[in-house]
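*Asks:* So you can see what is in the structure, the chains are spelled out below.
There are 2 protein chains.
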Amino acid sequence: MTLRPVLLACLLASVPLAASAATPYRSMQQILDASPAADWRTPDPASTLYLELEAGRVVIELAPGFAPEHVANIRTLARAGFWDGTSIYRVQDNFVAQFGDAEADDPAKAKPLGTARHKLPAEFERDAEGLAFEVLADVDGWAPQVGFADGFAAGRDPASGKAWMAHCYGVLGAGRNLEADSSIGAELYVVIGQSPRQLDRNITQVGRVIQGIELLSALPRGPEPMGFYQDPAQRTPIRAILLASEVPEAERTRLQLLRTDTQSFRDVVEARRNRRDDFYKRPAGHIDLCNVPLPVRAARD
Amino acid sequence: MTLRPVLLACLLASVPLAASAATPYRSMQQILDASPAADWRTPDPASTLYLELEAGRVVIELAPGFAPEHVANIRTLARAGFWDGTSIYRVQDNFVAQFGDAEADDPAKAKPLGTARHKLPAEFERDAEGLAFEVLADVDGWAPQVGFADGFAAGRDPASGKAWMAHCYGVLGAGRNLEADSSIGAELYVVIGQSPRQLDRNITQVGRVIQGIELLSALPRGPEPMGFYQDPAQRTPIRAILLASEVPEAERTRLQLLRTDTQSFRDVVEARRNRRDDFYKRPAGHIDLCNVPLPVRAARD
Numbered sequence: 001m002t003l004r005p006v007l008l009a010c011l012l013a014s015v016p017l018a019a020s021a022a023t024p025y026r027s028m029q030q031i032l033d034a035s036p037a038a039d040w041r042t043p044d045p046a047s048t049l050y051l052e053l054e055a056g057r058v059v060i061e062l063a064p065g066f067a068p069e070h071v072a073n074i075r076t077l078a079r080a081g082f083w084d085g086t087s088i089y090r091v092q093d094n095f096v097a098q099f100g101d102a103e104a105d106d107p108a109k110a111k112p113l114g115t116a117r118h119k120l121p122a123e124f125e126r127d128a129e130g131l132a133f134e135v136l137a138d139v140d141g142w143a144p145q146v147g148f149a150d151g152f153a154a155g156r157d158p159a160s161g162k163a164w165m166a167h168c169y170g171v172l173g174a175g176r177n178l179e180a181d182s183s184i185g186a187e188l189y190v191v192i193g194q195s196p197r198q199l200d201r202n203i204t205q206v207g208r209v210i211q212g213i214e215l216l217s218a219l220p221r222g223p224e225p226m227g228f229y230q231d232p233a234q235r236t237p238i239r240a241i242l243l244a245s246e247v248p249e250a251e252r253t254r255l256q257l258l259r260t261d262t263q264s265f266r267d268v269v270e271a272r273r274n275r276r277d278d279f280y281k282r283p284a285g286h287i288d289l290c291n292v293p294l295p296v297r298a299a300r301d
Numbered sequence: 001m002t003l004r005p006v007l008l009a010c011l012l013a014s015v016p017l018a019a020s021a022a023t024p025y026r027s028m029q030q031i032l033d034a035s036p037a038a039d040w041r042t043p044d045p046a047s048t049l050y051l052e053l054e055a056g057r058v059v060i061e062l063a064p065g066f067a068p069e070h071v072a073n074i075r076t077l078a079r080a081g082f083w084d085g086t087s088i089y090r091v092q093d094n095f096v097a098q099f100g101d102a103e104a105d106d107p108a109k110a111k112p113l114g115t116a117r118h119k120l121p122a123e124f125e126r127d128a129e130g131l132a133f134e135v136l137a138d139v140d141g142w143a144p145q146v147g148f149a150d151g152f153a154a155g156r157d158p159a160s161g162k163a164w165m166a167h168c169y170g171v172l173g174a175g176r177n178l179e180a181d182s183s184i185g186a187e188l189y190v191v192i193g194q195s196p197r198q199l200d201r202n203i204t205q206v207g208r209v210i211q212g213i214e215l216l217s218a219l220p221r222g223p224e225p226m227g228f229y230q231d232p233a234q235r236t237p238i239r240a241i242l243l244a245s246e247v248p249e250a251e252r253t254r255l256q257l258l259r260t261d262t263q264s265f266r267d268v269v270e271a272r273r274n275r276r277d278d279f280y281k282r283p284a285g286h287i288d289l290c291n292v293p294l295p296v297r298a299a300r301d
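Chains Z and E are the protein sequences, given in the same order.
This note's numbering puts the first residue of the first sequence at 1, with every later residue one more than the last.
This note's numbering puts the first residue of the second sequence at 1, with every later residue one more than the last.
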């Protein structure tokens with residue numbers, strides 16, 4: 001692979017010539033292939049959701065560190081089979097796929113919530129103290145600081161001492177009505193388009209899809225305003241949403257996630273910030289928070 | 001609608017209290033509904049492409065101001081029916097839908113290019129001089145300046161005197177091989193995910209989808225690496241790609257685009273930068289280039 005070190009030195013003001021000349025470029029895949037096993041973690045089955053569709057399984061990692069009360073309620077709802085027979089009832093292009101009980105707003109038809117809580121506090125942000133935060137140095141217009149915490153893309157404000165999850169592609173959010181505290185985790189949505197970061201700190205985010213997002217992102221868009229399907233026959237049936245910890249071990253999807261507090265992850269970020277393979281003629285010298293890949297792989301024995 | 005002016009004054013450091021208290025918030029739709037007819041333009045039929053699929057028509061506005069040689073070649077190819085019977089042969093989640101002649105890289109099978117040119121210069125950027133550029137004040141990590149030109153999201157570098165189209169959702173790019181000048185506009189792709197701005201100034205961009213992107217973004221993702229379909233039966237057939245100017249007037253899709261050099265557009269940007277409806281509890285005070293809507297409407301007689 002030709003690295004054109006002289007040209008690169010001109011383009012990569014942030015990378016010293018010595019470093020770029022001395023260090024061969026490694027692609028993300030090469031970095032991952034060389035990463036030590038300790039750089040990977042297995043998501044907690046009690047914080048892993050399986051969204052079971054006819055087309056397959058969407059695997060979601062929940063974020064109890066950011067939204068503990070919502071995640072607790074989601075666990076209760078999952079254990080009670082709340083989502084059995086519900087549907088994906090809204091798919092809006094370049095925005096979200098939303099699912100749960102399509103009749104939730106109609107007291108006469110809404111599915112009973114069982115022992116789940118009917119009211120939760122908004123969990124738009126949390127105290128930054130006590131949260132390990134891997135800072136991304138790149139400028140961001142939406143937050144004073146951005147980076148990664150608990151494996152999620154996140155924002156942080158040193159002035160307020162708060163941190164929050166960022167609305168990147170694949171994030172799972174808790175749908176709400178106009179009131180900040182009107183979400184309970186029963187109605188959920190996944191971002192399937194350009195990151196709607198204006199929703200940061202306006203909605204409680206509860207996790208992110210770690211496998212199978214194409215089962216949501218490639219669904220037909222709903223014909224009504226905002227992508228709703230009025231016709232129940234057009235909605236995508238949900239067989240169940242299950243906690244992995246409630247599923248027999250043999251039936252679980254065994255995945256590993258690259259830890260975001262490792263040198264391998266930092267190397268991935270830099271490999272994407274400045275792509276120095278033969279295709280790229282001008283490495284960007286920048287990466288946006290939501291362009292950073294959060295690698296997932298099949299678990300290894 | 002309750003605007004909570006006191007709370008907003010605390011949140012919106014960039015908006016003077018007098019202004020936010022005195023000016024009722026208008027949503028994007030309200031701004032568009034009140035916009036004068038002169039704020040809208042009709043795209044040039046000679047720079048409008050119809051991608052004709054079994055599921056319907058995707059309408060694309062070409063960008064001759066940014067890529068004149070590619071657009072000229074695309075016009076030649078469209079007039080010659082080059083794309084008749086070709087396919088969408090790659091759909092990669094959160095990235096692109098790519099189409100054209102799936103056998104283009106095999107000289108024995110490639111479709112003949114007819115009178116179209118076989119070699120073009122890379123058109124990654126153009127001189128900023130002579131290009132009307134509506135600056136977006138918001139910080140951007142990918143370019144020294146960003147804004148809108150010819151109706152497209154764009155970047156600009158005062159130091160180099162160059163401008164270029166930005167890789168936002170819906171942008172149409174000219175696929176290439178490793179060489180910068182290996183695109184000719186025959187293989188095309190549309191961005192269907194988080195804006196891959198690292199491609200800016202690395203690929204020639206030739207337009208953007210202005211209607212029907214859901215016919216691309218909701219396609220099944222290809223099963224092979226990078227979203228390719230090896231099995232021709234899985235590809236989405238393309239009936240034709242036509243110039244609107246070659247289609248009888250009665251069969252054209254009549255659209256109008258909001259001019260980006262108007263107060264209505266500036267008001268849309270501000271309405272999205274600081275959402276002050278009842279849903280948003282914390283207006284962002286920022287918008288990213290690729291989050292700015294570029295409004296399209298049915299033409300009015």
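None of these hints come from the bench; they were simulated from the model.
Everything numeric in this text was worked out from a predicted model, so none of it was measured.
Among the clues, some could well be false.
One copy or two, it doesn't matter: identical chains are merged, so the pair holds either way.
Said to hold, decoys possible - Derived pair list, reagent style BS3-like, types lysine-lysine, alpha-carbon separation capped at 27 Å: (1) 119 <-> 281; (2) 109 <-> 281; (3) 162 <-> 281; (4) 162 <-> 109; (5) 162 <-> 111; (6) 119 <-> 162; (7) 109 <-> 119.
*Asks:* All hints are to be evaluated individually against the structure, with a verdict given for each.
*Replies:* Results of checking the hints against the structure:
1. 119 <-> 281: between (53 Å within a copy, 18 Å between copies)
2. 109 <-> 281: neither (58 Å within a copy, 29 Å between copies)
3. 162 <-> 281: between (39 Å within a copy, 16 Å between copies)
4. 162 <-> 109: neither (39 Å within a copy, 59 Å between copies)
5. 162 <-> 111: neither (35 Å within a copy, 58 Å between copies)
6. 119 <-> 162: within (23 Å within a copy, 54 Å between copies)
7. 109 <-> 119: within (19 Å within a copy, 63 Å between copies)
Comparing the model with each earlier hint shows violations of hints 2, 4, 5; every other hint is respected.
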